[in-house]
Amino acid sequence: MGSKHKIIGKPERRVDAWGKVTGRAKFAEDYSVAHQLWGKVLRSKHPHAKILRIDTTKAETLPGVEAIVTARDIPGSKVFGIVVKNQQILCEDRVRYLGDGIALVAARSREICEEAVALIEIDYEPLPVISDPEEALKPGALPIHGDKNEFVHHKVCKGDVEKGFAEADFIIECTFKTQFVEHSYIEPEAVLAEPAEQGGVVITGSVQNLFSSRRSVAEALNLPLSRVQIIQATLGGSFGGKDEVMTSMCCRAAILATKTGKPVKMVNSREESMLESYKRHPYVLYYKWGAKHDGSITAMEVRCIADGGAYASMSPFVTWRSVVQATGPYCCENVKTDIYAAYTNNNYTGAMRGFGSPQVNFAIESMMDELAAKVGMNPLEIRMKNGFENGAVTATGQKLTHTVSLKEVLTKAAQEIGFEAKWQKYRSLKSGEKKRGVGLACSYRGVSLGAEGTDAAETIVSVQTDGSVIVSSGVTDMGQGAQTQMSQIAAEVLGITMDRIQFLNTNTSRVADSGPTVASRGTIMGGTAAKNAAEKVKTTLLEVGAAMIGCDVGSLDLAENYLINVKTNERLASFSELCAECFRKGKPMMGFGWHHSPPTSWDEEHGQGDAYFTFVYGANATEVEVDTETGKVNVIDFVSVHDVGKAINRGMVIGQMCGGVAMGLGYGLLEEFEIEEGVPKQLNFDEYLIATAMDVPRIRTIIVENEDPAGPFGAKSVGEPTNELAAPAIVNAIFNATGRRLYEIPANLERVLLGHKLTRTGKRGSEVKANHG
Amino acid sequence: MYIRVVSVFIRGKYSMRLFEFYSPRTFDEATALLSQYGADAKIIAGGTDLLIELRKPGAKTPKAIIDISKISELTGIREEGDLVVLNALTTHSDILRSQTLQKHASLLCSAASTIGSPQIRNRGTVGGNIMNAATCADMVPPLIALDAQVTLKSRGGTRTSSLSEFFVKPYVTSARPDEILIDIRFPKPPAAASSSFVKLGRRNAVSISRLSVAAILHVEKNALVKEARIVPGSAFPTWQRVMEAESILVGKKPSRELFAEAGKKVAEVMISITGRRWSTEYKEPVIAVLVRRALEACWDN
Amino acid sequence: MRESVGIIATINKKKYEIEVAPNTTLLDVLRDQLGLTGTKRGCEIGECGACTVLIDGQAVNSCLVLAAQIDGHEIVTIEGLADGNTLHPLQESFLDHDAVHCGFCTPGMLMSAKALVDGDIDPSEEEIRIAISGNLCRCSGYQQIVDAVKEIPKK
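Residue numbers (our numbering), protein chains in the order written: chain D, 1 to 773; chain V, 1 to 301; chain E, 1 to 155.
For reference, chain D alone in the conformation it holds in the complex:
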């Protein structure tokens, strides 16, 4: 299969890597211009309070201060939001979480900014702080927005769960809890906003979703979209995290730049970043399954409450993916799922790699092992018994028409780690200081946005007169390698080598709105658009070639930087000569590629529909060593298997797989952003612990390629599926080792040893306070 492509599937260096190994790559904070001012936010002192008075007079008189801005100074919309417009750029009368901004300062140095912010006087009237989403949903709870705190309720209804439970031989009921997770991109947020020559602003920043940020800036400043240009600086990681927090920063910097008429730079410290930025949703998950002694599942009832925090953000979409995938890739005729999101005074929660799947997968895959234990099967057998096959019908009533490779990936993962033999051996070992265990987890995942919304993207391929090529796209690169994938696709189509291609960072004024680069849609959307664009250019080039050589188009092709005769492989002209000829003949040398995803459907009332146009399948298997005397868990072996359709660039696919596992390992074992009464406890990497090189074992990666007609060259997705399985696999492995199941993550020292979390109380040396269950 590999032989039919020259560039696709071959090891190619990343197009953006040279700048990154030499230090030349410019990330947002690396941009500075002459006479720039510094911008700074005054943030709230209370997680929930009325603002009674804002007095900026003292701050205004400080030498070096050039502007102070409050909500009143925002000329246009004071709020933004992709689904629900309720997030405040600056708060006017009420703050809803500690990260809320109230005023902005622009000054000649960071130090002056700091002093000025300290001189702004705010009078607050504290309001009750709601930190628990279940409390927020109770009748009588103080509404944080509007008249109630419930702002999402998605459902899926299939068959009749009551009937299914009645048919069951037994019922399993478990409650699971997951934590807030910080994206932990290593680059903190930064922007530089400059007043544009003809009015409006030009913003260069660490922005993931440029088009939605642009819309909000335009609305805040009452500008047409054409006057707001956002240029993506090389992005130092995002993982879903540089969306609304960057929209807010872009709006603020743009307001200051407009007001002062000068460039304004804003940079978050790590502490500011962790304080203000949104997190992955904590879920409380109530799972109830009815099953038969043969291991088949007769009913699945799921209820989840997501902590949405102070603003709606992406919660409606995140929880929608959860509701679609909440019962996993398992056959069941009777399903009832309800997912709610509630406002609280915690950090708001939104998109993070996985997007609603890591939480439900933790529950589903734990339940599957519980079921296995109940019926005396091993975890592989139970999944093979219930897992989807070709033509399966999902909980939302969607018939799967692509290659359903769930059992293929599962089997490969299990075999690679030697699952069944180890599982049998480890469960029967009696005691010991260090105990080993193996765990398995698998999933299916809808590709791209699905029925969430419009799903289309543009890529532009522009051939230069010397045969070099410039590619640009509305799909952005944040380290995952979208630029390289699109470049490889363009090079494959044009029959050229990668050194000819230069990829430009995304600029909202130069490419069409391509939606957000989320949902692992970079390759399938941007890549297909790149293919379409390159094919248009290729058609023109071959026509020019045919006229130049004097033969028909059908006998020509492009390969290895030459125009060739298809039959003889004879090189007729170099790609460069062909491009020069194309220019001389006055033919278009630019191809605009557009891709609109295949149709999806959703009936919100009944929770049924063809939610996604295709799905991917993945399985993780892991071996852990549990120190039964201290609760320390070491992951000593890991196998990650994913069906990606087609690996455009194997090295980058492996990179996504290893990176996804490491992040998932952190989710399962280490990471917990704790918020107590609206106050976050961890604001830097000394306390918020992500995995180091010593915590991640060597990961064995297996790429499965069942090409899918929905994607370019058969490619689908890899970014998010790699991140949604490690935590349940690890927790299942701990169960295999210790015989004790953990219903909450992360499986840190205390949870593993004691079975519950320990919470530090406010006062040192005070009495024990344990959070049971």
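Calculated directly from the structure, the hints in this document are not laboratory data.
The structure displayed is predicted, hence computed values, not measured ones.
We treat Cβ as the ideally placed atom computed from N, Cα and C, and that holds for glycine.
Keep in mind that a hint or two might mislead.
What the hints assert, rightly or not - Mimicking DSS-like on lysine-lysine, the simulated pairs with C-alpha atoms at most 25 Å apart in a straight line are:
{"hint": "1", "chain 1": "D", "residue 1": "Lys681", "chain 2": "V", "residue 2": "Lys56"}
{"hint": "2", "chain 1": "D", "residue 1": "Lys434", "chain 2": "V", "residue 2": "Lys264"}
{"hint": "3", "chain 1": "D", "residue 1": "Lys26", "chain 2": "E", "residue 2": "Lys13"}
{"hint": "4", "chain 1": "E", "residue 1": "Lys14", "chain 2": "V", "residue 2": "Lys70"}
What the hints assert, rightly or not - Chain E is nowhere near these chain V residues, computed Cβ spacing over 12 Å in every case:
{"hint": "5", "residue": "Phe27"}
{"hint": "6", "residue": "Ser35"}
{"hint": "7", "residue": "Leu50"}
{"hint": "8", "residue": "Glu53"}
{"hint": "9", "residue": "Arg78"}
{"hint": "10", "residue": "Thr91"}
{"hint": "11", "residue": "Thr151"}
{"hint": "12", "residue": "Pro187"}
{"hint": "13", "residue": "Pro237"}
{"hint": "14", "residue": "Gly275"}
{"hint": "15", "residue": "Arg276"}
What the hints assert, rightly or not - From the derived model, a few chain V residues whose C-beta atoms are all more than 12 Å from chain E:
{"hint": "16", "residue": "Leu33"}
{"hint": "17", "residue": "Asp147"}
{"hint": "18", "residue": "His218"}
{"hint": "19", "residue": "Glu227"}
{"hint": "20", "residue": "Met243"}
Given chain D's structure and the hints, the job is docking chains V and E onto it.
Same frame as chain D, now just chains V and E:
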């Protein structure tokens, strides 16, 4: 090529306030500065703790920072007869690579290897670890187990203090503001003794000590314990040998059960000192385990 | 109070005489005074390693070094790793092993790796992992970075 840069750059929050900076080359210069500024001065060596402190919002900024890293007498590890001397600027990296320490006090090398990251170990010094006096300071339990003494120098002269009596409470030592810690010295343990350091962190690297134990065990030819020293870390407000547990071992034949008994005693002593707090449910069983393991590790050597 | 301290240091083989504010870090001076923005600011408390540079051949967090302390020392930053347009073998290896994802940790990672391979041309996987344990990477899971350091093109 020679480039001259004169524009001075100033920063804001989560950065430091202005102070005077001095970089003395000799003890005399340094002690003179200290006697001039007293409590208004702070000494910097590696800076890995101090700069984090100074960057915190609302941190108390000293009037002067005195960089002692250019005083050449303050570096190096040497043997003086029956003593081993660590000069205060010895970095954690120096310690973990030292043949002398590997031979006479390998627990110091183990402890140094668990501190921070390579970057931190390359800058952070043993003197700084002691003077910062954080309860999780990893070099301190081994040094107390070694019965180390610290040497302090001021304009008035030099004095020594036993390390176990040097700490007043977390982050506070009994050093006077005009004193510089110049070295740490300890008697070489008997050649037949062996030592260990075990540390439990949440992560496998760059991890603050959740709990740790330094142990030295001397078993005589007759297979009975002659001497044992046990010093837990992150367990007490300040460090101390747990004599009640050590005495359980002396005169007995080493065994897992005996070590476990000593561990239980350490847990008891810990609770008698700190009372029961939010973390006791975890620390009580785990400190006992770590003590047992530290002793087992000595015994295995 | 003196607002600046004069220092002389060698940075990427060039000798600099710099007036630095006493309360600035080496990281601040590199990025904001000298325009060497390849050294990254990630956490400013020595946890992430994005600001790693070499002082006298040793990897250090430049956020935890006072600029005034580098007087008389030799600093190498990411900008000093390549020899003109000729990349250092480590840089080539990072390109070949897909060890670069978002690239924000990459400069610090390369400097830690350089400190390691300068002292030991054939480190074990364990030694490599220890050497980069102070450099957080959120993208890669470290594996391709470890491989890149292990399999440097030998010249």
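>> For a C-alpha distance cap of 25 Å, please report whether Lys434(D) and Lys264(V) respect it.
In response: 20 Å, holds
>> Tell me if the straight-line CA distance from Lys26(D) to Lys13(E) falls inside 25 Å.
In response: Cα-Cα ~23 Å, so holds.
>> Quick check for students: does the CB of Pro187(V) sit more than 12 Å from each CB in chain E?
In response: The claim holds: Pro187(V) sits with its nearest Cβ about 31 Å from chain E, beyond 12 Å.
> Taking C-beta pairs only, is Pro237(V) more than 12 Å away from all of chain E?
Replying inline: 24 Å, holds
>> Minimum C-beta separation from Arg78(V) to chain E exceeding 12 Å: can you confirm that?
In response: Given a closest Cβ separation of 21 Å, the condition holds.
> So is His218(V) really clear of chain E, every C-beta pair being over 12 Å apart?
Replying inline: Correct as stated: the minimum Cβ-Cβ distance to chain E is 31 Å, above 12 Å.
> Per the stated criterion, does the least C-beta distance between Ser35(V) and chain E lie above 12 Å, as a non-interface residue requires?
Replying inline: Given a closest Cβ separation of 20 Å, the condition holds.
>> Checking a non-interface call: every C-beta of chain E should be farther than 12 Å from the C-beta of Thr151(V). Is that right?
In response: Answer for Thr151(V): holds, closest chain E Cβ roughly 24 Å.
>> Checking one constraint from the list: CA of Lys14(E) to CA of Lys70(V), max 25 Å. Satisfied?
In response: The given pair, whose Cα atoms are some 22 Å apart, holds under the 25 Å limit.
> Is the Cβ of Leu50(V) more than 12 Å away from each Cβ in chain E?
Replying inline: Nearest chain E Cβ is 9 Å from Leu50(V), so the label is violated.
> Does the claim that Met243(V) lies off the interface hold, with its Cβ farther than 12 Å from every Cβ of chain E?
Replying inline: Check passes; 36 Å lies beyond 12 Å.
>> For Phe27(V), is the shortest CB-to-CB distance to chain E above 12 Å, so the non-interface label stands?
In response: 19 Å, holds
When each numbered hint is compared with the structure, violations occur for hints 7, 8, 10.
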